[in-house]
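Student: Here's the letter readout for the chains.
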Amino acid sequence: MDGCRRRTLLKLAAASGTLGMASTVAGGQRTQTEVTAPDRAPPRAYEDFTVRRVPGEYDSIQAAVTAAAERDLVLVDPGIYHESVTVSDTPRLTIRGRDRNEVILDGEFTRRNGVTATVDGVVVENLTTRHYTYNGVYWVGVDGYRGSYLTAYNNGEYGVYAFDSVNGRFDNSYASGHPDSGFYVGQCQPCRAVLENLISEGNSIGYSGTNAGGELVVRDSVWRRNMAGIVPNTLDSEALAPQRGVRIENNDVIDNNNENAPTKAIGFPAFGTGINIAGGTDNVVVGNRVRGHSNFGVVLVPNIDKNLWRPRGNRVRDNQVDRSGRADLALGAPAGRDNRFVDNDFGSSRPDGIQGRGPLGGLRRSVGDPWVTLLLGKGFLQTEVGNYPSGDWRERPQPPDQPPMPNPEGPPRGAVGPTR
Amino acid sequence: MTTADRSLRERIRRLDPMIGGLALVTAVVPAWYLSWLLADFGLRGVGFLLGWIGVSWVLANRNPPRELGITWLRIIAGLLLLTPVFLVLPFVMNADRFGVGNLAGFVLTESNLITILVFALLAAIPAGIAQWLARIDVGSGA
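Chains as they are written, first to last, in my numbering: chain C, 1 to 420; chain A, 1001 to 1142.
Chain C extracted, bound-state conformation (with noise of 0.2 angstroms):
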């Protein structure tokens, strides 16, 4: 699967808006990139629609996929599944759990995906995946999807991932024990896509997204003893770089020093940090609360691929900031221009002053702090020359059950609800 394979390395290693316009330089212009969540209404309910029960009617979730027509519902009983499900002709399909932490998905350690949806609209919930080598619920090329109350824990990938796919929506879902990340949105330009009321734990990083961005709001959250917390990164090795415009809002992020966590060499040059932008540019964080991070809090660093992409245009705002083991907020030299730290609550920062106003401010923040990117870059060399701490994704343990969609029983709806 290309998807998975498609990052080489992090090598270094940050409600709707009302925040933001900012501003991106392509092509020698400037242009605007909204940084705020995609305007819609709420999905609708199908009305014309198939159930389609398994094991009831259909020996395996997969039968029932076969058979399905479009907007049909695949209702799953309380049960272990040991297959790999695909969806690759029927747009529009909803996969459902009737108990989200009794129907289980289990790759038994040989299978690759639970779940692998290749056509628009699909959407997948109230469901477990588990064991799978590479991931747990995953969109590749689509327009429209949607993952609501999945629980997705020790895949050896990433817990619940969109690819190249836009006009999505994570919601109500768990992850953790992943060596890649718990929740990944990448290659997306404009994304269009909302990630909200999601835990993520114990994964190598809690939110990945490379190249990733435009309309896409990761909010309301709890990403908590990770290797790393939130890490927006630009790559070449994936299209539309560089990584831009997506808000981070509203989130707790804690303690993101997890020594025990899988990872494989992604996350661990950004160990010890909170939110990680690395490379990323016209990105808005703002009003979340990050404490405890053994190295940074918030930080914007340079991410070297094939190009040295520097942070820039960057808006950290609002937030309160503590416990970091080295600064708060800081900001990697060599920095681009335009970042902009304004009234939040820290207590230390690289370089230092980095809320200043006036020349010198502005100076310090046009630079950024050399320290910043030789620590992280330290990790990212041990990844290159060595070995690194890092658990085994096999063998974290199993989460408690998480709260269950309401009314499974319901119909079936929209991936996402049409533009406003």
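Keep in mind that the hints were calculated from the coordinates and are not lab data.
This one's a predicted model, so the numbers in the text were calculated from it and none came from an experiment.
Heads up, a few of these hints could be off.
[Unchecked claim] With beta-carbon atoms standing in for the labels, derived distance ranges:
{"hint": "1", "chain 1": "C", "residue 1": "Arg340", "chain 2": "A", "residue 2": "Leu1133", "range": "43 to 51 angstroms"}
{"hint": "2", "chain 1": "C", "residue 1": "Pro400", "chain 2": "A", "residue 2": "Leu1089", "range": "36 to 44 angstroms"}
{"hint": "3", "chain 1": "C", "residue 1": "Ala41", "chain 2": "A", "residue 2": "Trp1032", "range": "52 to 60 angstroms"}
{"hint": "4", "chain 1": "C", "residue 1": "Asp318", "chain 2": "A", "residue 2": "Arg1009", "range": "49 to 57 angstroms"}
{"hint": "5", "chain 1": "C", "residue 1": "Asp252", "chain 2": "A", "residue 2": "Arg1011", "range": "39 to 47 angstroms"}
{"hint": "6", "chain 1": "A", "residue 1": "Glu1010", "chain 2": "C", "residue 2": "Pro370", "range": "37 to 45 angstroms"}
{"hint": "7", "chain 1": "A", "residue 1": "Ile1053", "chain 2": "C", "residue 2": "Gly356", "range": "23 to 31 angstroms"}
{"hint": "8", "chain 1": "A", "residue 1": "Asp1016", "chain 2": "C", "residue 2": "Pro370", "range": "29 to 37 angstroms"}
Virtual Cβ for every residue (Gly too), placed ideally from N, Cα, C.
Since the structure of chain C is already known, use the hints to place chain A on it.
Tutor: Structure of chain A alone, referenced to chain C:
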């Protein structure tokens, strides 16, 4: 007034004003570097102040200016050598607070060894120049 106080005042009185001024100016660089190293400990300001005073005093007692330059270069070399230690030290001191138990896994690493080697090579540049200047000095005096 104690003997030590008298001695200090006497030494300050004997300072060459030109060398003293030069010391104050050139001490800014190592003082700034020291403050940069100490920033993770929240000692940026203290580091700069103490570094500036301390280095100024050391340099002011070097005469002629070539001696001052040699000492300045050696101080820079020493700070470069210390840099890898200060990169790791805050993490080591805070590891327990952040629940990190496997300190060896983070500290006894190839990347730290490479960092030490790189900064040792960097330190060798000012140290080498200082050595070269010192030899020229010895030679001219012979």
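Student: Determine for every hint whether it applies to the structure shown.
Tutor: Here is what the structure says about each hint:
no.	hint	result
1	Arg340/C <-> Leu1133/A: 43 to 51 angstroms	holds (46 angstroms)
2	Pro400/C <-> Leu1089/A: 36 to 44 angstroms	holds (38 angstroms)
3	Ala41/C <-> Trp1032/A: 52 to 60 angstroms	holds (57 angstroms)
4	Asp318/C <-> Arg1009/A: 49 to 57 angstroms	holds (54 angstroms)
5	Asp252/C <-> Arg1011/A: 39 to 47 angstroms	violated (58 angstroms)
6	Glu1010/A <-> Pro370/C: 37 to 45 angstroms	holds (43 angstroms)
7	Ile1053/A <-> Gly356/C: 23 to 31 angstroms	holds (25 angstroms)
8	Asp1016/A <-> Pro370/C: 29 to 37 angstroms	holds (36 angstroms)
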